[in-house]
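A.B. asks: Residues per chain, in single letters:
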Amino acid sequence: MEAAEDVNGYVTASVRHFMTKTTSEADLPLGLSIEEATGEIARAIGLPEVDLENRAQRYELFVHRRNGGAEHLNPSARVGDAIAPGDLVEPLPEVTPGHPGA
Amino acid sequence: MFDLDLLLRDATTGHEVRRESLPAHVAERLIADTHASGVLAGVLPNDGAPIRVDGFSLETGDGPARLRVEVGMGETSFQKLYSHAVLRDDAEVIIARLLQTKAIEKGTYTFTPASRTATSTVGGRIRLRPAPRRPGRLPGGSLVERGVREPRACRHPAIVLPRRQAQALVSQARASEVEVGASLMVETFLVEEPVPCRLGLRVLEVVELAHGTAGTETHLRITPEALAAVGARETEARRAGGLAHSHPFGRKLEPGADPRFLSSEDKAVATGWYWQPHHIQMIVDPRFTDPEDAIAAYAWVDAALVRVCLYLTEG
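In order, the protein sequence lines correspond to chains A and B.
For the first sequence, the tail end lands on 102 under this note's numbering, and the numbers increase by one without skipping.
For the second sequence, the tail end lands on 315 under this note's numbering, and the numbers increase by one without skipping.
Derived from the structure by calculation, the hints contain no laboratory data.
As the structure is a prediction and not an experimental result, all values here were calculated from the model.
Mixed in with the good hints, there may be bad ones.
Straight line, CA to CA, 20 Å or less: simulated EDC-like cross-link-like pairs of lysine to aspartate or glutamate [claimed, not checked]:
#1 K21(A) to E217(B)
#2 K102(B) to E53(A)
#3 K21(A) to E236(B)
#4 K21(A) to E187(B)
#5 K102(B) to D51(A)
#6 K106(B) to E53(A)
#7 K21(A) to E28(B)
#8 K102(B) to E35(A)
#9 K21(A) to E225(B)
#10 K252(B) to E217(B)
#11 K21(A) to E234(B)
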């Protein structure tokens, strides 16, 4: 019989705003996908949620491990598998400044 | 406490056209500006201690609405009053978005801040315990020692751009027919000379953004990976201070028109992410070889984006 995965509960990590460097402590639900967690973290720390065309602003989540490593997290991974207690995570945007009318 | 809406009215009829939520970073920008103003005025201590927000209120009297922000540190506090005009760039970004999505017609609109009427129904699933805001300490520094011969009496932050870095920006822009960009690594300091605005910053390095192009004349592409690479180079004395990018479409504009402006999309980037008092934006016109002609700079002055002058230094 396959063991049921425990998707309840949280992992406590630090989240950082990439420009202000303000760091907060956050409890992240283990069962969230990284994509879902990234959107919620971005909203919680006051990063823009939509782009100029009113589409959801794209962010990718980067993690800095306690051992000094850093990596980009796969959006389809689960928080419980990808983030360890004490990690520091940081959503980074893809932005396209420009001038559509030129 | 910080939740605000932006009310748009038809400029001709005065009728309310739209009410939009102002993003959270708008309030953060005003708080950061109030703190910086307090430190530069010598009222708040420049010791890097955490700050408090002692007040954030909307005042709606007879005239246009105003925002009062009060920031405290230890026993002292500093307050600043902002006119509705401080939201001009935010309003432009919101209006550009509404036009893009055809939510409003082209027209002339006025804007004013208003108390938020609707509460968000989207419940977050993460539990966040925000740390106190801690903007950090500004070390003292001399403009003259950084190569500025005669400090000017400007109201905006003093921006020192060594000619070597300026030339790197111009060379990057001229080497490409499409829009390209760079991150500006800066040091920030409290200017020792008696100038009206004592916030100083010097560009230490121009970091070309990896894959920093969308391959067109009119759009830059800044990837999360490129931002991560910039972040890895930051230290306390060397911070990401803003963006520079080219506008290589000057020849397509009306004769005499200056392409070194901030578009609505550029303003969305500046207001969304690069809104701290020391953040700057530079636009490079690649038709010119001299940095004096090619580069225009924009900085935050009283929390509003303003085109400003530079100190091009030889050192």
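A.B. asks: Straight-line Cα separation of K21(A) and E236(B) no greater than 20 Å?
C.D. replies: Given that 20 Å is the threshold and the Cα spacing comes to 11 Å, the pair holds.
A.B. asks: Taking only the CA atoms, is the gap from K106(B) to E53(A) under or equal to 20 Å?
C.D. replies: holds, 16 Å
A.B. asks: Does the structure keep K21(A) and E217(B) at a Cα separation of 20 Å or less?
C.D. replies: Given that 20 Å is the threshold and the Cα spacing comes to 32 Å, the pair is violated.
A.B. asks: Just to be careful, I want the Cα atoms of K21(A) and E234(B) compared with a cutoff of 20 Å; is the pair within it?
C.D. replies: holds, 11 Å
A.B. asks: Next pair to validate is K21(A) with E187(B); report whether the Cα-Cα distance is within 20 Å.
C.D. replies: holds, 16 Å
A.B. asks: Can the restraint linking K21(A) and E28(B) be considered satisfied, given a maximum Cα separation of 20 Å?
C.D. replies: holds, 13 Å
A.B. asks: Would you check the hint for K21(A) and E225(B), treating anything up to 20 Å between C-alpha atoms as holding?
C.D. replies: This hinted pair holds, its Cα atoms lying about 17 Å apart.
A.B. asks: Check whether the Cα positions of K102(B) and D51(A) lie no farther apart than 20 Å.
C.D. replies: holds, 15 Å
A.B. asks: Hinted pair, alpha-carbon criterion (20 Å max): K252(B), E217(B). Please report holds or violated.
C.D. replies: holds, 11 Å
A.B. asks: Given the hint that K102(B) pairs with E53(A), does the C-alpha gap stay at or below 20 Å?
C.D. replies: holds, 10 Å
A.B. asks: Taken at face value, is the distance from the CA of E35(A) to the CA of K102(B) at most 20 Å?
C.D. replies: violated, 29 Å
In this structure, the earlier hints numbered 1, 8 are contradicted, and the remaining ones agree with it.
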